[in-house]
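Undergrad: Could you put together the complete structure from these sequences and hints?
Residue numbers (UniProt numbering): 1 to 154.
The set of hints was computed from the structure by calculation and includes no laboratory data. Be aware that a few hints might be false.
[Claimed, not checked] What follows is a set of in silico ranges between Cβ atoms, one per label pair, in the way DEER data are often shown: (1) PRO131 / ALA94: 28 to 36 Å; (2) ALA112 / ALA154: 31 to 39 Å; (3) GLY141 / GLU87: 27 to 35 Å.
A virtual CB, placed ideally from N, CA and C, is assigned to each residue, including glycine.
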Amino acid sequence: MTLTVLAPVAGVVHALADVDDPVFAQEIVGPGLAVQPDAESGAGRSVVAPVAGTVAKLHPHAFVLLAEGGRGVLVHLGINTVQLGGEGFTLHVAEGDAVEQGQILVEWDPAAVEAGGRSAICPVVGLEAQPDSLTRLAEPGTRVVAGDPLLSLA
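TA: See the structure below:
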């Protein structure tokens, strides 16, 4: 069964290889795409569930959703944002919650992340998926809004 993964934030799509973090760039945790929020416009403040499922892991800066069939999708809000200790992130769900695709899970301020010297780019990764299982539904360089189809996993 193919899993359609939505863009969790609004912004410009990038290849994971463009992410300034080797764990994501080398697809060590799995294949995916990234979205660079347009921090200036305030786009990307609301983070939506890319898939329906259960919140398996939740940190202010990152979360994992388990979709039907047990496939995990990781969304990481910015790079090195764990250093913020949760400041600037508002969580709307808890671990164990069932969520609907497109539901707002987190609110944050990408402009504040960038002002603090960190990248606000958001990797979206199919955990433990094979690279050939990914199909891009949005190409790098295109602009998406939260909830637009981003990729699918076979």
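Undergrad: Now tell me, hint by hint, if it's right for this structure.
TA: Hint-by-hint comparison with the structure:
| no. | hint | verdict |
| --- | --- | --- |
| 1 | PRO131 / ALA94: 28 to 36 Å | holds (32 Å) |
| 2 | ALA112 / ALA154: 31 to 39 Å | holds (37 Å) |
| 3 | GLY141 / GLU87: 27 to 35 Å | holds (32 Å) |
Checked against the numbered hints given earlier, the structure satisfies every one of them.
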